[in-house]
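Taken in order, these protein sequences are the chains called A and B. The first sequence begins at 1 in this note's numbering and counts up one residue at a time. The second sequence begins at 170 in this note's numbering and counts up one residue at a time.
Simulated from the structure, these hints should not be mistaken for lab results. A hint or two may mislead.
Facing chain B, from chain A, some residues (calculated, C-beta under 10 Å) [to be verified]: (1) H22; (2) R87; (3) C91; (4) E104; (5) E132.
To list a few chain B residues with every Cβ distance to chain A over 10 Å, as calculated [as the list claims (entries may be wrong)]: (6) R248; (7) E288; (8) G312.
Ideal Cβ placement from N, Cα and C applies to all residues, glycine included.
There are 2 protein chains.
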Amino acid sequence: MTTRWLSPKEMRAWRAYVTATHLLEDALDRQLQQDAGMPHLYYSILANLSDEPERRLRMTDLAERTQITRSRLTYAVARLEKDGLLRRENCRWDKRGSIAALTEEGMAVLERTAPGHVETVRTFLFDKLSEEQVEQLEAICSGIAEGLQEARPASDDVPWRRRSSPSCS
Amino acid sequence: MTTRWLSPKEMRAWRAYVTATHLLEDALDRQLQQDAGMPHLYYSILANLSDEPERRLRMTDLAERTQITRSRLTYAVARLEKDGLLRRENCRWDKRGSIAALTEEGMAVLERTAPGHVETVRTFLFDKLSEEQVEQLEAICSGIAEGLQEARPASDDVPWRRRSSPSCS
Chain A
1 MTTRWLSPKE MRAWRAYVTA THLLEDALDR QLQQDAGMPH LYYSILANLS
51 DEPERRLRMT DLAERTQITR SRLTYAVARL EKDGLLRREN CRWDKRGSIA
101 ALTEEGMAVL ERTAPGHVET VRTFLFDKLS EEQVEQLEAI CSGIAEGLQE
151 ARPASDDVPW RRRSSPSCS
Chain B
170 MTTRWLSPKE MRAWRAYVTA THLLEDALDR QLQQDAGMPH LYYSILANLS
220 DEPERRLRMT DLAERTQITR SRLTYAVARL EKDGLLRREN CRWDKRGSIA
270 ALTEEGMAVL ERTAPGHVET VRTFLFDKLS EEQVEQLEAI CSGIAEGLQE
320 ARPASDDVPW RRRSSPSCS
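Please construct the entire structure, taking both the sequences and the accompanying hints into account.
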């Protein structure tokens, strides 16, 4: 198959994308490490739990929401549990379907850290974009995310998915 | 200061951005680990060297191009040198201003791996975008990158920068 190399225009867009995304991730990690002692990935796990009415999610659903691979999520959750920011609970319908629940301390860390995190996101992302560009960014990223979600390999990245078991929430 | 929380529209764009960028980085890492035994970050170091007429760059300039922080770049370059894919050389004007040079083996790895890498970028990014969206993506990412480059902290992220020393290339 002939390689479909990037055009000069695509190459410019690609380089800008790589630079922007890496610098933004560095800036988010730096702020969160400083204010909460954790990288962006860990913060997003806690934030997803806090969005739930009971502040708890099955690991399956947490993996879906955060789109984190099985091995990374297992490691991150163990670390957050060790720090007392979440705890693991068993699901009464399905012992294997473990649940992650945000602790009071985890919630307190989030509440203390969220303003600085949002300020970083606003300063480096949304303050640079027009209203129209916010819509363009959502359309572009939704399209990319959909394609990648459909193509994820079954081996690593469909963690704990058991559609047949009842909900535990 | 009152926190400027995200609007629902901004929140949607932010969630799509986080999901798309994390999934794409995972897909790129997976392909490059499989085909070249290295993550995307390492590949981009080799690719930047290969773009140069003499396939070599001062560490200062390599840091500028790749926008990798000092500690990560030092580690990555040491690892790539150990694998025989690049070598460090001294700059004749400035002994501290070490140079990274791509080896023949490094170039061979790049040539073998580039088609698969470009195919991944095309499949998961450019095939999902219209011509117009490619331009929008470049404009959005250039704006974000500029703001972040201006704001980088002097402590960590201005690696090896000595503007007074002459060029070594």
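Do the hints match the structure? See the list:
1. H22: holds, 6 Å
2. R87: This hint is violated: R87/A lies away from chain B, its Cβ roughly 25 Å from the closest one there, beyond 10 Å.
3. C91: violated, 25 Å
4. E104: violated, 22 Å
5. E132: Given a least distance of 9 Å, the restraint on E132/A holds.
6. R248: Non-interface label on R248/B holds, nearest chain A Cβ at 18 Å vs cutoff 10 Å.
7. E288: violated, 7 Å
8. G312: violated, 4 Å
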